[in-house]
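Q: Here are the chains, one letter per residue:
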Amino acid sequence: MEVIGTSQAGAAAAAPGGAPSRPRAFPPALRQLMMQAALIGGLLVVWQLLSGRLISDFFISRPTAIFAVIVETTLDGSLLYHASITAMEALLGFIVGGALGILFGVALGWSKLLADLLNPLVLCFNSLPKVALAPLFILWFGIGLNMKVALSAATVFFLVFLNTYTGVRAVSQELIAILRLMGANRRHVLTKVVLPSALTWVFAGLRVSVPYALIGAVVGELFASNRGLGAMLSQAQGQFDTAGVFAALFAITVLSLLLNAVVKVAETKVMPWQSGDHQQNTTV
Amino acid sequence: MTADPLISFEHVSKTFQTARGTVEAVQDVSFEVAKGEFVTVVGPSGCGKSTLLNMTAGLFSPTAGTVRYAGQKVATLNQRSGYMTQNDHLLPWRDVEGNIRVPLEIAGLSKRDRTARVADLIQTVGLAGFEHAYPSQLSGGMKKRTALARLFAYDPETLLMDEPFAALDAQLRLKMQTELLGLCRRLKKTVLFVTHDLDEAAALGDRILVFSGRPGTIREVIKSPMMPDRDLYQLRRNPAFAQVTSDLWDILATTSGMEG
Numbered sequence: 131m132e133v134i135g136t137s138q139a140g141a142a143a144a145a146p147g148g149a150p151s152r153p154r155a156f157p158p159a160l161r162q163l164m165m166q167a168a169l170i171g172g173l174l175v176v177w178q179l180l181s182g183r184l185i186s187d188f189f190i191s192r193p194t195a196i197f198a199v200i201v202e203t204t205l206d207g208s209l210l211y212h213a214s215i216t217a218m219e220a221l222l223g224f225i226v227g228g229a230l231g232i233l234f235g236v237a238l239g240w241s242k243l244l245a246d247l248l249n250p251l252v253l254c255f256n257s258l259p260k261v262a263l264a265p266l267f268i269l270w271f272g273i274g275l276n277m278k279v280a281l282s283a284a285t286v287f288f289l290v291f292l293n294t295y296t297g298v299r300a301v302s303q304e305l306i307a308i309l310r311l312m313g314a315n316r317r318h319v320l321t322k323v324v325l326p327s328a329l330t331w332v333f334a335g336l337r338v339s340v341p342y343a344l345i346g347a348v349v350g351e352l353f354a355s356n357r358g359l360g361a362m363l364s365q366a367q368g369q370f371d372t373a374g375v376f377a378a379l380f381a382i383t384v385l386s387l388l389l390n391a392v393v394k395v396a397e398t399k400v401m402p403w404q405s406g407d408h409q410q411n412t413t414v
Numbered sequence: 217m218t219a220d221p222l223i224s225f226e227h228v229s230k231t232f233q234t235a236r237g238t239v240e241a242v243q244d245v246s247f248e249v250a251k252g253e254f255v256t257v258v259g260p261s262g263c264g265k266s267t268l269l270n271m272t273a274g275l276f277s278p279t280a281g282t283v284r285y286a287g288q289k290v291a292t293l294n295q296r297s298g299y300m301t302q303n304d305h306l307l308p309w310r311d312v313e314g315n316i317r318v319p320l321e322i323a324g325l326s327k328r329d330r331t332a333r334v335a336d337l338i339q340t341v342g343l344a345g346f347e348h349a350y351p352s353q354l355s356g357g358m359k360k361r362t363a364l365a366r367l368f369a370y371d372p373e374t375l376l377m378d379e380p381f382a383a384l385d386a387q388l389r390l391k392m393q394t395e396l397l398g399l400c401r402r403l404k405k406t407v408l409f410v411t412h413d414l415d416e417a418a419a420l421g422d423r424i425l426v427f428s429g430r431p432g433t434i435r436e437v438i439k440s441p442m443m444p445d446r447d448l449y450q451l452r453r454n455p456a457f458a459q460v461t462s463d464l465w466d467i468l469a470t471t472s473g474m475e476g
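Just so you know, the protein sequences line up as chains A and B, in that order.
Residue 182 in my numbering sits at position 52 of the first sequence, and the numbers go up by one each step.
Residue 466 in my numbering sits at position 250 of the second sequence, and the numbers go up by one each step.
What the hints contain is simulated information worked out from the structure, not anything from laboratory work.
Listed next, the in silico BS3-like pairs over lysine-lysine satisfying Cα-Cα at most 27 Å (straight line):
(1) B:439 - B:251
(2) B:327 - A:399
(3) B:251 - B:289
(4) B:404 - B:359
(5) B:359 - A:399
(6) B:391 - B:439
Label pairs and their calculated CB-CB ranges:
(7) B:352 - A:254: 33 to 43 Å
(8) B:355 - A:178: 53 to 63 Å
(9) B:352 - A:157: 21 to 31 Å
(10) B:422 - A:247: 52 to 62 Å
Residues from chain A that keep clear of chain B, each with C-beta distances beyond 12 Å, as calculated:
(11) 164
(12) 180
(13) 188
(14) 192
(15) 193
(16) 207
(17) 226
(18) 234
(19) 387
(20) 394
(21) 395
A virtual CB, placed ideally from N, CA and C, is assigned to each residue, including glycine.
Please work from the sequences and hints to get the whole structure.
A: Spelled out as structure tokens, the structure:
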């Protein structure tokens, strides 16, 4: 980290990257990107050199072999096919679980009676590891798409629910009082203060649940499936194809990053008042 | 004093339970505010001035005594009063226009009426050009002006103001004070205005309640000798203003509890 000695007044108008105080070969953002690329490249080289020499490539494969599998499965379309199945399951689970989570979070956050009533149930279900529901969901939904969506939705639901609930409860009582003095009824308070205020929390919940939506889908596929990245994973493992396993893991990671980016874009679209924050200087 | 005061405090005391024990915020306070009157409350910080406003707004009840509004005991939120607190309490997810619009939406105005009224208010408080800025992008003064515009948007009978201009620079404060006084006179608003600034208390008040601290009690009530339509820009040359401020200084200098 470098201390940049610019005036505080000028910094507010500057780009997020900060105002450079002296000429540089590259802008800071590009420099950082280059350093990150160099790090990843270096790790890949070390990996390539280690495998087969220090550690058997049965265990860690090698980057070139993994790359070859990725290229091959991309060209024959199988990677995209499996990825699209998993993406579909995770997305549906994310949408169903997220929507239900928001709905229940608002309802329980808004109604103290309901929250007190359902508290023990919520506590029980929340302490249950959601993937342990997979066998039950197989009995209920079979081994098709529905079971993976259900597993994914169950995981996402609680994360979004708890966040939404907390958000609704954390709403500023002063803001509510100010609106009530203006003559606001309960509906006004809900739509004008509580829901917008909880939105930050809702999105925090949605963001953390992206990888969990994929966990639900992939674990569901590991349990019972012949399609999807989870199935690809377990098939490769069954054939002791380490490179195939790594390729599937790579695809899962890319999928997760993509989903994350979608949520991020939605967040800045839905909450424009938040986007300016990081560009401002911290004031107290 | 008129026969029917709009706001009346009768032997009001308020104590709070805190972690460090009982705190007596105000003690045996009695005063009345007539309709259309501009009353300022001045005193050191932490002397329970804000507590008076909270009780007038009905946010909480006194521990002892009675607060009446238009003859009725204040029991629930007093929706005939509008409150502007030290903290401006704008909705962070709405821009300037959206914040000013909130009370109009609650009142159920049509979209066309709302737009016209908001544009009018934005002109009044001098925020033209900042209609679509979010509170996080505004300076302290602009936030205050937005809060003031919102307060006027819902046109409450009584304005409760808690050091609304404390964060503003001297010029802007004078401009806002002039604006406020003019609007209140024109619209015949009743105002209870809390400040720790003696000049401000003297400049705005028809009557000035001087508080002394912990627990807050009324030490003296000064009736302003100035004309209701006084020009705030000329106050420095007004001998009556000089007299009031020096009186205030004398009273508060002999009051204990000037700390903080």
